[in-house]
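Participant: The residues making up each chain are set out below.
Number of protein chains: 4
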Amino acid sequence: MAVRFAVLGAGRIGKVHAKAVTGDAQARLVAVADAMAPAAQALAEQYGCEVRTIEAIEAAADVDAVVICTPTDTHADLIERFVKAGKAVFCEKPIDLSLARVKACLEVVRAHKGTLMVGFNRRFDPHFRAVRAEIDKGTVGEVEMVVITSRDPGAPPVDYIKRSGGIFRDMTIHDFDMARFLLGEEITEVVATAAVLVDPAIGTAGDFDSVQVLLKTASGKQAMISNSRRATYGYDQRIEVHGSKGAVSAENQRPVSIEVATGAGYTRPPLHDFFMTRYTEAYAAEIATFVAAMAGKGKAEPTGEDGLIALALADAAVKSVAEGRVVKMSEIL
Amino acid sequence: MAVRFAVLGAGRIGKVHAKAVTGDAQARLVAVADAMAPAAQALAEQYGCEVRTIEAIEAAADVDAVVICTPTDTHADLIERFVKAGKAVFCEKPIDLSLARVKACLEVVRAHKGTLMVGFNRRFDPHFRAVRAEIDKGTVGEVEMVVITSRDPGAPPVDYIKRSGGIFRDMTIHDFDMARFLLGEEITEVVATAAVLVDPAIGTAGDFDSVQVLLKTASGKQAMISNSRRATYGYDQRIEVHGSKGAVSAENQRPVSIEVATGAGYTRPPLHDFFMTRYTEAYAAEIATFVAAMAGKGKAEPTGEDGLIALALADAAVKSVAEGRVVKMSEIL
Amino acid sequence: MAVRFAVLGAGRIGKVHAKAVTGDAQARLVAVADAMAPAAQALAEQYGCEVRTIEAIEAAADVDAVVICTPTDTHADLIERFVKAGKAVFCEKPIDLSLARVKACLEVVRAHKGTLMVGFNRRFDPHFRAVRAEIDKGTVGEVEMVVITSRDPGAPPVDYIKRSGGIFRDMTIHDFDMARFLLGEEITEVVATAAVLVDPAIGTAGDFDSVQVLLKTASGKQAMISNSRRATYGYDQRIEVHGSKGAVSAENQRPVSIEVATGAGYTRPPLHDFFMTRYTEAYAAEIATFVAAMAGKGKAEPTGEDGLIALALADAAVKSVAEGRVVKMSEIL
Amino acid sequence: MAVRFAVLGAGRIGKVHAKAVTGDAQARLVAVADAMAPAAQALAEQYGCEVRTIEAIEAAADVDAVVICTPTDTHADLIERFVKAGKAVFCEKPIDLSLARVKACLEVVRAHKGTLMVGFNRRFDPHFRAVRAEIDKGTVGEVEMVVITSRDPGAPPVDYIKRSGGIFRDMTIHDFDMARFLLGEEITEVVATAAVLVDPAIGTAGDFDSVQVLLKTASGKQAMISNSRRATYGYDQRIEVHGSKGAVSAENQRPVSIEVATGAGYTRPPLHDFFMTRYTEAYAAEIATFVAAMAGKGKAEPTGEDGLIALALADAAVKSVAEGRVVKMSEIL
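If you read the protein sequences in the order shown, they are chains A, B, C and D.
Taking the UniProt record's numbering, the leading residue of the first sequence gets 1, the next gets one more, and so forth.
Taking the UniProt record's numbering, the leading residue of the second sequence gets 1, the next gets one more, and so forth.
Taking the UniProt record's numbering, the leading residue of the third sequence gets 1, the next gets one more, and so forth.
Taking the UniProt record's numbering, the leading residue of the fourth sequence gets 1, the next gets one more, and so forth.
Some clues are possibly wrong.
Because identical chains share one entry, a pair is satisfied inside a single copy or across any pair of copies.
As the list claims (entries may be wrong) - In silico DMTMM-like cross-links for lysine to aspartate or glutamate, where the CA-CA straight-line distance does not exceed 20 Å:
1) K328 <-> E58
2) K19 <-> E281
3) K137 <-> E259
4) K319 <-> E189
5) K19 <-> E251
6) K245 <-> D170
7) K113 <-> E305
8) K245 <-> D273
9) K299 <-> E50
10) K162 <-> E185
11) K93 <-> E305
12) K103 <-> E55
13) K113 <-> D170
14) K103 <-> E301
15) K245 <-> D199
16) K245 <-> E259
17) K319 <-> E331
Because the hints were derived from the structure by calculation, they are not lab data.
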């Protein structure tokens with residue numbers, strides 16, 4: 001029997017998840033909720049489902065699971081409400097920008113033996129998954145060093161930056177999760193450098209736009225992350241993993257793979273310029289994993305705990321930049 | 001208002017088109033027909049449409065267009081019946097294996113001012129389309145030479161081969177259409193070589209499995225096609241176009257683009273191993289083009305005439321191999 | 001003891017070979033001859049050897065081998081003279097533009113049990129050699145189809161074209177030799193198409209600038225060659241070999257392998273733009289092979305016979321274009 | 001008139017420079033010295049020069065310049081001696097492992113207005129130079145972030161490790177120089193992580209084999225360096241530079257660029273496995289630059305000062321690992 005879903009929040013990411021749900025043969029979209037009535041209405045019409053209030057969804061007998069796509073500051077509250085209501089919860093990252101709030105929320109989830117999956121979509125990218133599969137197969141031997149390049153095509157509005165929790169919690173958090181996904185051992189030390197090179201207004205807002213992070217585990221495995229809010233050539237998303245027997249890497253993706261050769265050289269088109277087109281398959285696979293887990297096939301991972309640790313790594317990076325030193329994770333968690 | 005469709009034939013390719021129709025916001029799948037009741041039933045259930053007979057669809061007021069996915073020897077008859085019934089027709093290639101029958105069929109289409117689009121799906125591949133777009137933009141100047149590589153992962157059953165019309169009419173026909181699509185000028189001369197290298201049974205059946213073709217237009221533009229029924233590394237589909245100012249090419253596609261580096265070298269995974277996964281986007285874009293044309297946006301191309309010429313080029317190649325000489329298209333059409 | 005060399009002809013290609021000889025630890029450059037005294041003088045000074053006349057070299061006791069780099073119409077005569085004088089001969093391709101003259105020349109070489117190696121330099125390119133090595137190792141199984149792309153950055157002066165014997169004998173001859181080198185079986189059938197697209201003056205001179213050739217062996221192995229006198233993006237030299245177990249290919253070479261990424265896309269520099277920089281390593285390896293063969297290590301291949309067959313294939317291509325048909329090699333040789 | 005050279009030290013790197021000198025039309029190799037007579041003798045015979053003592057070279061009127069290829073602990077002394085003797089000096093990196101000793105040595109060079117060039121060969125790699133050229137042309141705009149990957153095919157003997165000054169002074173020093181070469185602004189902050197993952201004996205010797213470094217300039221430009229003593233797939237040497245307008249990168253180099261495609265995927269051969277074959281062209285270009293500078297064309301760079309700063313960066317990295325914090329360069333220099 002299909003899993004019956006409600007999507008909370010009909011904005012940009014809500015639309016992505018609504019599409020993923022309706023495209024999954026094992027899932028059915030029953031309802032959508034949004035404070036903005038027209039947004040909810042449009043989505044409901046497109047996919048032939050009902051518009052309901054949060055409260056109605058909470059009480060509904062015909063909803064098994066919710067996808068939380070509302071603003072960040074409502075995530076933790078909604079997770080708690082729907083776990084208490086007995087619904088499985090898929091929540092967009094982050095759970096919250098405060099580590100204490102995340103911990104409290106996870107306490108509630110645990111107390112109610114709830115199901116909570118956090119939306120680190122990149123784990124579901126087929127290319128990155130294939131990298132992880134090679135690690136699991138032992139192709140590269142023992143993992144030693146991970147290199148993650150993650151550069152956005154352009155900076156978001158400063159208004160967004162202000163509410164984002166800063167680049168480490170907003171953008172690097174994906175790379176922290178990816179590093180954990182690939183290292184296969186918990187990170188114990190974090191050090192970072194940061195600068196404002198793209199837009200002075202970002203600096204004025206107290207944030208950075210160009211950062212570098214080094215990570216280390218207890219046994220000495222290491223990772224480096226390079227982030228920028230600027231990449232004129234598209235959405236730059238690469239990983240490479242070096243191990244005792246070899247390396248495995250995932251290259252960038254472009255919408256069209258042609259090459260033009262002229263006297264000026266050989267030119268391929270720019271990369272995808274938007275995370276939604278870059279990660280289309282990942283969003284679908286993410287929901288499919290959640291649905292499958294509810295049918296007892298596989299785990300609903302990444303979990304709330306994964307969300308907690310990624311946020312803690314971001315906090316450590318913030319502290320590292322502020323204090324100009326290596327921060328131990330035992331200071332944070 | 002959405003275009004209302006019936007799909008005739010619920011086999012492998014019928015399923016592909018049914019999916020494309022239901023995935024198109026401007027189209028609606030109303031009915032499916034198949035001589036095999038269970039096949040039709042399964043497709044109808046999956047997409048929530050009705051099972052009907054050919055006759056019922058012919059007479060239906062709620063069907064605007066049909067997609068013909070039945071066996072090749074029924075194509076021409078069905079095209080004539082549905083054009084006469086006032087339906088727009090999308091027909092899988094080829095219209096027929098006999099040039100005379102195709103001509104007669106197109107006569108009927110013209111007489112009834114019918115709409116007929118033929119399923120040369122590769123014209124809709126985003127990468128090949130991008131190649132054509134560069135030509136149209138003038139990036140490579142005047143087109144001079146086109147090179148088309150098209151190699152199947154493996155040979156079809158000999159039983160299929162026997163009904164196929166031979167490799168030139170079954171497989172190369174796609175490349176003939178692609179050559180025309182890219183050359184921008186009608187082909188006037190054809191010469192080919194052919195051999196049986198993959199499977200002697202194919203030779204026993206009177207066909208070849210490894211062929212090469214040279215094409216030439218009146219002004220001297222040229223094209224070469226390389227075909228094999230064998231490619232251990234996947235579905236090899238490449239084109240390159242050389243012009244007076246430069247060249248443009250489309251590389252192969254693979255499902256996952258990672259690279260593993262070890263002492264044995266740098267290895268990327270094999271290509272797609274099936275035309276349906278390789279051309280997923282092309283099938284969707286093809287139906288979208290047909291739907292759009294019915295709404296007055298763009299043309300329903302490739303047309304029946306395009307189907308006719310591609311078949312004539314195949315006939316010329318057959319004749320060239322048999323007679324060991326360059327065949328002029330004026331001998332064929 | 002080092003092999004003592006004289007270079008006949010101090011032009012462009014003579015300089016290349018003089019450099020290769022002096023760079024080979026097993027060889028020594030003793031003398032250079034050229035009808036143009038200053039050219040010979042310059043080369044002699046650069047490498048510290050003597051200027052001598054052809055006659056003096058013929059009679060010299062301190063010369064073991066000659067490298068013939070004089071104009072094509074002198075090759076056959078010089079080969080005969082120096083073979084008779086007991087010198088080992090390395091001759092730039094072609095031996096002559098007339099098949100009859102080549103045959104007569106090889107008769108003389110055989111009668112004197114002379115050593116004659118012909119300068120098909122591409123066999124010595126490390127990348128192409130590596131392709132052949134994979135074939136020899138059995139990596140791709142039984143060779144089935146060979147694709148050779150060979151495009152010059154620009155057309156030579158029409159004056160050169162007139163003396164060249166035509167594109168098939170001047171340019172494609174390299175590809176004919178490469179096809180034989182890779183197919184591993186003699187070619188029995190040739191068919192070609194040809195056009196003038198680059199420069200009308202080439203057509204006026206009775207030649208073509210854009211040609212395509214299909215080759216076939218008795219067992220059905222096939223090859224295709226694509227040639228043009230125009231490639232705005234540099235010297236385009238690629239081969240791919242398809243076999244029963246897989247394929248092996250050699251990509252283009254560029255002097256500098258960087259990539260620039262901007263909003264306009266990802267751009268790599270053009271290819272080498274000159275055969276001498278593209279094939280620098282090949283020229284050195286070619287002379288090293290000749291020197292080694294004289295010391296009893298390996299064979300002095302490609303031989304005069306290889307030169308003969310490549311020319312015969314060119315003659316067949318010329319005939320094929322003239323008569324619009326497949327030409328059997330038994331008609332030519 | 002050609003620059004007359006003596007090479008001090010006839011070991012591995014001495015041979016490389018002797019070859020570069022003799023291959024340069026503007027240079028002449030006059031003498032070679034080595035404590036091991038047979039090594040000096042062999043080199044002298046190969047290139048037709050004399051064996052002399054250090055003292056004889058110091059006093060020689062026919063020597064304009066020396067190339068110092070002796071053990072590291074003799075570099076500073078020899079630089080001082082030959083600068084005092086009025087010879088131009090090219091010295092292999094590093095000048096010394098002690099910052100104080102380097103400073104004292106440079107004092108002597110300055111006092112005698114000597115010419116000292118330090119052998120950071122990678123600045124002369126044609127690919128890396130092309131990266132720098134793009135920066136200089138403004139292609140990527142203002143440089144923001146530099147990523148340097150530098151992984152050795154295998155660890156040197158522990159005996160070598162012990163005398164090496166540690167990975168930062170022995171291996172990363174090249175990358176520090178490259179970062180400076182590309183950033184275009186002095187580095188002010190250094191932080192590093194380090195581990196022993198390849199060989200425990202390296203740890204026992206007090207060194208690391210896997211390190212990561214972050215660098216920052218006063219204006220916020222950043223660089224990251226990834227080093228390992230292990231790379232099963234060959235000598236991994238890549239750089240990428242991200243700027244305000246785009247990025248430029250240099251890919252790895254392999255001796256042979258073929259690709260084999262089978263059911264197992266597409267495989268290219270491993271990279272160069274040795275710094276001498278990887279950087280053949282760089283060594284020649286380095287000496288050519290030194291020779292040209294002596295003829296008044298261009299500068300003898302990298303200078304002694306460049307050698308000093310690279311060493312200081314290595315010292316900072318050592319300190320950063322030891323103290324778990326960001327080290328300011330003002331603490332070191």
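Participant: Which numbered hints turn out to be false for this structure?
Facilitator: 1, 5, 6, 9, 10, 12 and 13
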